Amino acid sequence: MATQFVIDGLKATIEGKEILKGINLSMKGGEIHAIMGPNGTGKSTLASALMGHPKYEVTEGTATLNDEDLMEMAVDERARAGLFLAMQYPSEISGVTNSDFLRSAINARREEGSEISLIKFIRQMEGKMKELDMNPEFAHRYLNEGFSGGEKKRNEILQMMLLDPKVVILDEIDSGLDIDALKIVAQGVNAMRSEDRAFLVITHYQRLLNYVKPDFVHVMMQGRIVKSGGPELAERLEAEGYDWVKAELGIEDETVGQA
Amino acid sequence: MSTEVSNPVERAYAEEVSRGKGEPAWLTALRGEAAELSASLEWPKPEKTRIDRWNLGALGQHGQTTPLASENELPEQAASLVAGAQALLVQRGSGNVLRRLPEELAAKGVIFTDLETAASEHSELLQKYLFKAIAKDENKLTALHAALWNGGVFLYVPKNVEVEVPLQALFYNEDASVSFAPHIVIVAERHSRVTYVDNALTVGGGADAVHHSMVEIFVEAGAHVDFASIHQLGSNVIDMSVRRAVLENDARIQWVIGDLNDGNVMSDTLSVLKGNGSSSDAAVVSIGAGKQRMSLTTQAKHFGLNSDSNMVTRAVMRDEATAIINGITKIEKGATKANGVQTEKVLMLNPKARGDANPILLIDEDDVTAGHAASVGQVNPEQVYYLMSRGISKQDAERLIIYGFLAPVVTEIPIDAVREQLQQLLERKLNA
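From first to last, the protein sequence lines are chains E and S. Residue numbers are given in our numbering: position 68 of the first sequence equals residue 68, and the series is strictly consecutive. Residue numbers are given in our numbering: position 242 of the second sequence equals residue 242, and the series is strictly consecutive.
Derived by calculation from the structure, the hints in this document are not laboratory data. Do not take every clue at face value.
Unchecked claim - Subject to a maximum C-alpha distance of 20 Å in a straight line, what follows is the list of computed EDC-like cross-link-like pairs (lysine to aspartate or glutamate):
(1) E:21 to E:253
(2) S:394 to E:253
(3) S:394 to E:115
(4) S:394 to E:111
(5) S:274 to S:367
(6) E:55 to S:281
(7) S:159 to S:208
(8) S:108 to S:164
(9) E:152 to S:164
(10) S:159 to S:175
(11) S:394 to E:15
(12) S:394 to E:92
(13) E:55 to S:382
(14) S:48 to S:356
(15) S:394 to E:72
(16) S:337 to S:398
(17) E:246 to E:232
(18) S:140 to S:15
(19) E:21 to E:69
(20) E:55 to E:15
(21) S:394 to E:100
(22) S:394 to E:232
To be verified - Distance ranges between label pairs, derived from CB positions:
(23) E:140 to S:73: 37 to 45 Å
(24) S:164 to E:127: 38 to 46 Å
(25) E:109 to S:432: 25 to 33 Å
(26) S:100 to E:119: 36 to 44 Å
(27) S:73 to E:135: 46 to 54 Å
(28) E:180 to S:235: 56 to 64 Å
(29) E:57 to S:350: 19 to 27 Å
(30) S:381 to E:149: 17 to 25 Å
(31) E:123 to S:419: 21 to 29 Å
This structure is a prediction, so every number in the text was calculated from the model and none was measured. Glycine included, every Cβ here is placed at the ideal spot set by N, Cα and C.
Extracted from the complex, chain S is given alone in its bound form (with noise of 0.2 Å):
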């Protein structure tokens, strides 16, 4: 439908496609203006990753889509990581796909769709949170994004309401050549409580391509979010995802993310600690294979008084992969009584891969608590020889003390399916 996409994307584009797609003027108009930002903006600098020198040009051109009629449509690997879902959200490659929210839960206020649908149907409410949580200029990243997106989720639940079954979204995409960008907006009004699940995947290789989302979530005065996020991408895929939740007083996220990605990948997760006693729980997993090369950093942003944040990852790297781990505590000036702990560990399976913690705390004010540990190791001889004094073979042991490093971050994921499915997919890319 249009020439190819170069880097940075042109306004003339950006707008082309949003218009095609019928959607709001103020929307169009701020996919123009972060087409125009792209140009002059740079890449964002994690710390020891160069990004800029990845192939992050292959952005897609915008694909067309049929809706399903029905999960059974859905490829089998894609079909097995939604079963039995009741609210669920599908986008395949650059759209929604499939959309289904239980009547009540939408007579209950909660809206669940696709952030396309949720621009035409939710224009104003859509319009007071799409792009402030993470602001469409902040590098060059956050406004391609911002010009690009597709599909994507919108999920809001009204003051009060408890949803208590987990809201899925599945996104995944068999065409490199197509963009596939998904953009995830969820906002848990006063004393909510919802969890959201999604999970992301490539289904065949292909040319190089990169899959950008980002999470903007609002957690409003005593809500709580609990969101978990598993990306299963091809080795031909870059991954870059940016995730970033704002709370208020006494409000609480607890992210799981899953990083179990084939090819490169820089993943940024953040909490900014708004509000009074609110509070965030990070749990990271990761394992990398081949030659990955991974950034993957968790941050906390502390600036109520009182407010909670604890973030753990966990990495295995095998063969030549490396993962460089950040972790970001900051506590601004005058927030007392805040404490933020944090914890990187890195587990090398193979002299050629490596593995960098980095702990970094930045404090501003003096009444806090604050600790981090970090540690990149390889498996203990002495725990496998003590394993295999018991009659355990030598590769069970491993696997029996990488389960174990992993296991943090694995028990503490609150839906049971959800633990069991990132365990069959550890155990896959671990067997791999």
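Next comes chain E alone, as it looks inside the complex (with noise of 0.2 Å):
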């Protein structure tokens, strides 16, 4: 079956405040779909909201990933469901070495007593790692403790390689990177286009989308999505900024929730 990934109506807070105010975004596998929009409009709390982060509260509405609703699971499950997102601020661990890891995230997925061998682990790890021209050491280095931030995103990409989801969600992951590693995070995206897999791209700036081709772009403002077009739209927000968009709805602020 094809990837089919719908929310609908999601609303959520965060201590009491409501801060998505009713998502509609329907995606199916091989889509890459873009959110672009100013800070604090509610981009990261939606990524946030789909994964679980213990924060934010789900009040209303459905995320349904091949007709499993997402928001009846715990992070886990909706994790093993499918779902992956590439982390803002990813934690750093210390004492669990990133193979460590990597090695029980990939075993949660498979059946107690056929849990990968060490020796394929390793190989499809340095693979990764290759492909995203990481050192090799990081593989024993405690997990994100004392990374860069474009190397913390790196870790990220090579965890969504190893894992293989379904929905891959990547909340600014274009943010602290050079123009290098963005083009090596771009093409870790790429290689992991495929018919059965969805890709929505939170982002501020238009730059990752000249690396990571979107098919939709969506505005987000005052925790909605305002508008929707295709990979136009992202240049034009890119030239012309938002206040177009703002004029064009009458929208005065277009933040959510901020005291």
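Two chains, each in its own frame: build the complex with the hints.
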């Protein structure tokens, strides 16, 4: 079955404040969707709410992946159902090596007794690390500890590649990356494009979209998707900024939930 | 053989036991004096832990032991700890039951025997060291221990001898009514090198009991001692363990302490950095559960120029367990260019668990470097979320984080077998 990811009327709050005010979005395998928008409009909240960050409470709506509502699941179940979020600020976990973590994540998807063999795992991991131009030493470093911003982002893409998800959300994956690192990350994403995988790329900037070509572009303001279009929309936003969107829609303050 | 030992111990009883074992007169006198002292001295007072409220009277009576023919006669959980040991001492209850030292080590002059045998066979040599690092009159505990210690270890490595294989000791007790009080003396002469590993455990439960053990280590100039000790005594047992090393010029010690007991614990490990260029590295790991109370102290006292100490403690507290973790770095006047660093971290897995980290730096010299870090906290929910977002279950995520927390101590352990053993014991206590 081709991957179908449908967000329907999703509302979410943080500490009682509503940030997502009814998100509707439908994605199919093979498609790349970009969500753009100024700071504070709810983009990253959408990513976190979909993944199930404990700080956010989903109050209404569904997000179904092949007819299964992810919102009914615990975080780890969402991941095993096929959702992957490349985080803007990945956690650092001391004492847990990158490779031990990755192997645990792969084995979490496998039945007990059919865990991946160590040799096969190392071969896979080293192969993908090479594609991402990562120093092999990073396999033995503690998870994200002492990684630079760019190294953390590459490590997120490495996880995506090894976990083979159905729906990938990239939350500001381009922030903190120099152009060379951005190209490598984009290559990694493009290599993962396939008919049964959908991508949701969250970004401030057009820059990433030069390397990862979106099929659809959505603009988020005030906790809603206020405008959708094709790749040309991203180009216009880059060239002209967001003011024309605000004027067109009669929006004065585009942010949401700001005290 | 005697009436119940009261607390403090009676002089006559200590002397009678000593004579019964055929100990030399100086040792009988030492025990007698110590027993006498125990009446007037006070219990040690570690920070924020009232050990005087613990039931420290259950010291047990001297128990008779019969030698074992081989390790095959050990209870299973004890046997697994010493599987494959080439050099081995086993104490059961109040006395040694097995001794083994490879011939080639004996030929090099290495002595590795129980302390009681050493008292008769190497009386003069032992007298130079016994209760010289720890004085019998420091407090009620040292006095009681000096009066009552049994079994134990005497490890003597002559100068320039490097012992490749780890020397292992096992102390176990199956009978809560007998006295279980090993005393360990390690002497590493100039430029020698040795690794010593011991395990203390109780098999089966029983009445309240006290295990008191003391370790005295003399590291002479340029010598290097690796010392590892893992205690896993039962919930009915209070563990009172004091360890001390005295280091001469350029001497080095590495301590690895695993406090994995189920009962109350007072553990105090001190390096006295007497010599110039001496160095000490101490790694302590502990897991508390139930209603355990623990006082875990590591100390470094710097006298020597350019002396260096590093202390790391990691403790995981479950249930309603409490740990008071003290790190004391003392740099004396004149110990220029000394460096002392310490870190104490406590991870609490339950809102009712309690951890207290007390880094204490006492510095009487200007030209030194010192640092400390301490933290007490719970498992970070952001980290759990991050791991779960990769499909790892909550339970496995917490497990990874906890092992990661303990890793800085576990990975320091120099002997693979001990590291694996400690890992297994940690796993057992975390999952119990």
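Hint check:
1. The suggested pairing of residue 21 of chain E with residue 253 of chain E holds, with an alpha-carbon distance near 15 Å, which does not exceed 20 Å.
2. Between residue 394 of chain S and residue 253 of chain E the alpha-carbon distance is near 40 Å, which puts this suggested pair outside the 20 Å criterion.
3. Taking the CA atoms of residue 394 of chain S and residue 115 of chain E, the gap is about 19 Å. The hint holds against a cut of 20 Å.
4. Using a Cα cut-off of 20 Å, the hinted pair residue 394 of chain S and residue 111 of chain E holds, with the two alpha carbons roughly 17 Å apart.
5. Taking the CA atoms of residue 274 of chain S and residue 367 of chain S, the gap is near 17 Å; set against the 20 Å cutoff, the hint holds.
6. Restraint check for residue 55 of chain E and residue 281 of chain S: the C-alpha separation of about 41 Å exceeds 20 Å, so the hint is violated.
7. Taking the CA atoms of residue 159 of chain S and residue 208 of chain S, the gap is near 43 Å; set against the 20 Å cutoff, the hint is violated.
8. With a C-alpha separation of about 12 Å, the suggested pairing of residue 108 of chain S with residue 164 of chain S holds against the 20 Å cut-off.
9. Between residue 152 of chain E and residue 164 of chain S the CA atoms are separated by roughly 42 Å; this puts the pair beyond 20 Å, and the hint is violated.
10. Distance hint between residue 159 of chain S and residue 175 of chain S is unfulfilled; the C-alpha atoms sit about 40 Å from each other, more than 20 Å.
11. Only pairs whose Cα atoms come within 20 Å are accepted, and residue 394 of chain S paired with residue 15 of chain E is rejected, the gap being roughly 23 Å.
12. For the suggested pair residue 394 of chain S and residue 92 of chain E, the alpha carbons sit about 17 Å apart, so the restraint of at most 20 Å is met.
13. Of the pairs offered as hints, the one joining residue 55 of chain E and residue 382 of chain S holds, with about 9 Å between alpha carbons and a cut-off of 20 Å not exceeded.
14. Straight-line distance between C-alpha atoms of residue 48 of chain S and residue 356 of chain S comes to about 9 Å, which keeps the hinted pair within the 20 Å bound.
15. The suggested pairing of residue 394 of chain S with residue 72 of chain E holds, with an alpha-carbon distance near 16 Å, which does not exceed 20 Å.
16. Simply put, residue 337 of chain S and residue 398 of chain S have alpha-carbon atoms about 41 Å apart, too far for the 20 Å limit, and the pair is violated.
17. Between residue 246 of chain E and residue 232 of chain E the CA atoms are separated by roughly 18 Å; this keeps the pair inside 20 Å, and the hint holds.
18. With a C-alpha separation of about 18 Å, the suggested pairing of residue 140 of chain S with residue 15 of chain S holds against the 20 Å cut-off.
19. Annotation: proposed proximity of residue 21 of chain E to residue 69 of chain E holds, straight-line Cα distance about 19 Å (limit 20 Å).
20. Among the hinted pairs, residue 55 of chain E with residue 15 of chain E is consistent with the structure: their alpha-carbon atoms are about 8 Å apart, no more than 20 Å.
21. For the hint pairing residue 394 of chain S with residue 100 of chain E, the CA-to-CA distance comes to about 16 Å; that is within 20 Å, so the pair holds.
22. For the hint linking residue 394 of chain S to residue 232 of chain E, the alpha-carbon distance of about 43 Å lies beyond 20 Å, and the restraint is violated.
23. The given range of 37 to 45 Å is respected by residue 140 of chain E and residue 73 of chain S, whose C-beta atoms sit roughly 43 Å from each other.
24. Roughly 40 Å separates the CB atoms of residue 164 of chain S and residue 127 of chain E, a value that falls within the hinted 38 to 46 Å.
25. Between residue 109 of chain E and residue 432 of chain S the CB atoms are about 29 Å apart, so this pair conforms to the stated range of 25 to 33 Å.
26. Distance hint check for residue 100 of chain S and residue 119 of chain E: the Cβ-Cβ separation is about 39 Å, which falls inside the suggested range of 36 to 44 Å.
27. Checked against the hint of 46 to 54 Å, the C-beta distance between residue 73 of chain S and residue 135 of chain E comes to roughly 53 Å, which is consistent with it.
28. Between residue 180 of chain E and residue 235 of chain S the beta carbons are some 59 Å apart, a value that agrees with the proposed interval 56 to 64 Å.
29. Distance hint check: the CB atoms of residue 57 of chain E and residue 350 of chain S are about 25 Å apart, consistent with the given range 19 to 27 Å.
30. Evaluation of the 17 to 25 Å hint for residue 381 of chain S and residue 149 of chain E yields a pass: the beta carbon distance comes to about 23 Å.
31. In this structure the supplied range 21 to 29 Å holds for residue 123 of chain E paired with residue 419 of chain S, their Cβ-Cβ distance being about 27 Å.
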